[in-house]
Amino acid sequence: MLLTDEEKRMRDGEEGAAVAAAMDLLVRYGEALGAERLCETRNVAGTMTQPSPAKARLVEEGGWAKAFAVINLDCDDDIDIPRMKVPTCQLQHGFGPDARGLTGYPDANIELQRDAEAYYSDKGVNILATCTPYQVGNLPVRGEHCAWMESSAVVYCNSVLGARTNCEGAASTGAASLTGRIPYWGNHLPENRFGTHLVHTDVELATFAEWGLFGYFVGGAVGEGRPVVTGSWAQPDLADLKHFGAAAATSGGVELYHIPGITPEARSVEDACSGRAPKDAAGYGPRERQQVYERLNDQGSSTDVDFVLLGCPHASLEQIEAVARRLEQRKIHPDVELWIMTPPALRAAAARSGYDRVITEAGGRLLTDSCPAMSKAAPDGTRVFASDSAKQVHYLPAILGIEGWFGTLDECVDAAITGVWRGQLGGR
Amino acid sequence: MAEGPALVSTEEISGFGGIDPARGVIIEPRHELFGQCFTGVVLVFPGAKGSSGWAGFFQSTRLMGTAPLAMVFNTVTTKAVLGAIVTRVPTVVECDRDPTSLFRTGNRVRVDADTGLVTVLDDE
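One line per chain: the protein sequences are A and B, in this order.
FYI, our numbering numbers position 90 of the first sequence as 90, with every residue one higher than the one before it.
FYI, our numbering numbers position 64 of the second sequence as 64, with every residue one higher than the one before it.
Since the hints were derived computationally from the structure, they do not count as laboratory data.
All values reported here derive from a predicted model rather than from experimental measurement.
Hints are all accurate, no fakes.
Some chain A residues near chain B, calculated using beta-carbon distances under 10 angstroms:
| no. | residue |
| --- | --- |
| 1 | V70 |
| 2 | W148 |
| 3 | G223 |
| 4 | S251 |
| 5 | H394 |
Virtual Cβ for every residue (Gly too), placed ideally from N, Cα, C.
Could you put the whole structure together from the sequences, leaning on the hints where they help?
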């Protein structure tokens, strides 16, 4: 792989052992990918603070420098960790203090994470603590090279913002944060950003739930392809596209999609495909919609819901407001917990706007930093949950061994109030 | 270079939500390898799917002593390649013929990451 003089200097240790280790990892990684060179980035979104048993042991052995070296740089040497070279944010991690006592999540993890936040913020990491950094200030511009992880953030970054990132990991983002470099490969190359699959929808996409169902279908249909969507839809908002991309990244490996007329690199189908006809096509009609709905809902048998989860990816302020509107003057069923996951910055705005109070008075909770899938914890005794997130309904049955229902926001709020799942395809 | 029994999947594997690093087991309920342990075997699979936590979860298998012995997969992605690097196991990708249809679970396999050669030692 070709390195610039500056990159060679970093590799050879002129900026210290940690930067050298970071460059060494980037070279090994880039060469294994077949990248010809690295590119510069000034926008890294990664994870250092997420507690895990392996990390706890490394911290015990050698502090956070050891944990960063091993996990974020793939380096076993005892090295000092300098400040991050380029702007770097912490994505979602484990539950914070606001979840203490709500679930079987260990207090030790909350403490470990708080300790990590103190260490890494001293190193220049912005503790955004969310899977949606673009909702709270990390908003790359079109064409910008980024090094992001978190599949739903990656697909949003590429598709909706038109910035460029591959689906990175804890180690590659750690190396990028200390060097300002990432392999110039995959989604960074303009020729790799054109559509590979046409997906036509005969179902009009008009609601958040429909965008989620369609996204789950698209991921299953194209795998890691780059779908170009045709059909008709009402003007989507941030939440619709966030949900669509997250679902497509969950059921397949979609990192980039084009919605002609909506997303920045696709003024038209021809534009999205660079004039070439995509070789594969898939159709989404009422039958496919039914199948996707049934597949998502085949992890549920009991309709006695004891947990309702909203906000995956993390809820926007508008989504929080929508929940608050539905909960005014109402009470959540005493046997049900309702959690809405959101970034800390938006929780602060929700509190100032009065939504937090309405939701809390009804018996629900706004929680930050994490989600049940990341922290592997739901309210104690949860057997059956419901969510408006295709991603959570996909993951939680595996991660927590609980049953799951997917439906609309109205159906989820209804389940929270009645304790009964009454969702059906096309429901309100 | 590594030599051991193969565990073959024709389905892509999730890291986050797909494996339990503490036990080295596939935990995705719908997966054909659900409940199977990959510790100490040659994991043969089409590629990575799902979350970007893939590499970190497989790295955790190394740190917790539950890692596969080697990996053989078809599709080169950032997730799977970074995962193989931080798991620090011999890995061969993009074989001439599809190893997920050629090999069977239990076959004794040698993975030579230097030459890129994957050999079945006990093919009938």
